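Student: Work out the full structure: start from the sequences and follow the hints.
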Amino acid sequence: DAGVIQSPRHEVTEMGQEVTLRCKPISGHNSLFWYRQTMMRGLELLIYFNNNVPIDDSGMPEDRFSAKMPNASFSTLKIQPSEPRDSAVYFCASSPPGLRETQYFGPGTRLLVL
Amino acid sequence: AQKVTQAQTEISVVEKEDVTLDCVYETRDTTYYLFWYKQPPSGELVFLIRRNSFDEQNEISGRYSWNFQKSTSSFNFTITASQVVDSAVYFCALSGIVTGGGNKLTFGTGTQLKVEL
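First to last, the protein sequences are chains A and B.
The opening residue of the first sequence carries number 11 in my numbering; numbering runs sequentially from there.
The opening residue of the second sequence carries number 268 in my numbering; numbering runs sequentially from there.
I should point out that these hints are in silico values taken from the structure, not numbers from a laboratory.
As the structure is a prediction and not an experimental result, all values here were calculated from the model.
Take these hints with a grain of salt, some might be off.
What the hints assert, rightly or not - Straight-line Cα separation of at most 30 Å, DSSO-like style, residue types lysine-lysine; simulated pairs:
#, chain 1, residue 1, chain 2, residue 2
1, B, Lys270, A, Lys88
2, B, Lys283, A, Lys88
3, A, Lys78, B, Lys305
Unchecked claim - Computed footprint of chain B on chain A, listed as stretches where at least three residues anywhere in the stretch have a Cβ under 8 Å from a Cβ of chain B:
#, segment
4, 49 to 62
5, 96 to 109
Using N, Cα and C, we set each Cβ at its ideal position, and we do this for glycine too.
Tutor: Structure, rendered in structure tokens:
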């Protein structure tokens with residue numbers, strides 16, 4: 011079975027541009043998570059969805075960040091406008107139904123904002 | 268509030284040495300899960316183990332073993348006869364209180380393990 015799929019794997023953009031990161035969770039998983047990893051702050055949970063509904067978005071840095079999950083097999087994380095401090099690796103993870111289930115991570119998107 | 272502490276920022280060992288990575292956690296939950304993930308230089312996060320708070324038996328998987336001690340709130344990870352391929356950052360994580368379904372993890376800051384020839 012395919013794991014979590016993320017695209018693009020690498021993104022280089024200029025400050026002020028819109029960036030859209032995409033994620034396809036593992037089939038049958040009903041929870042989806044977006045994380046950001048930087049050297050300074052480590053792994054931070056940005057937002058998570060359960061059954062396509064956003065449950066906790068307290069980690070979203072500011073209004074420039076938005077996330078959607080229109081169906082069970084697709085989610086996007088959008089940054090508009092992007093800033094150099096948004097440069098990081100963004101991970102998507104999914105987990106199967108149930109409490110405290112294991113999260114399986116995608117390969118990440120390495121974002122560089124110039 | 269939940270917290271995971273990995274006090275060892277970086278560990279260097281010579282191949283074939285045994286190494287233990289420490290993880291200490293804080294939680295008010297009576298039921299919780301603990302996890303270990305590996306992040307090799309390629310960058311992906313690889314799941315290693317999930318352990319229920321009610322199960323304190325040690326677990327062994329090949330050269331990997333885990334020691335869960337509820338009395339000291341620790342969930343340590345030992346690699347026996349380390350190999351260069353074990354070089355990675357290792358993260359310990361704790362499951363959070365679930366509201367609305369799903370699972371929220373609190374991660375430690377990670378321990379960078381370097382295994383040299």
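Student: For each hint, tell me whether it holds in the structure or not.
Tutor: The hints, checked one at a time:
1. B:Lys270 - A:Lys88: holds (29 Å)
2. B:Lys283 - A:Lys88: Violated - the C-alpha atoms of lysine 88 of chain A and lysine 283 of chain B are around 45 Å apart, more than 30 Å.
3. A:Lys78 - B:Lys305: Within the cut-off at roughly 28 Å; holds.
4. 49 to 62: With 7 residues closer than 8 Å to chain B, the segment 49 to 62 of chain A meets the three-residue bar; holds.
5. 96 to 109: n = 5 at 8 Å, threshold three: holds.
Checked against the numbered hints listed earlier, the structure breaks hint 2 alone; every other hint is satisfied.
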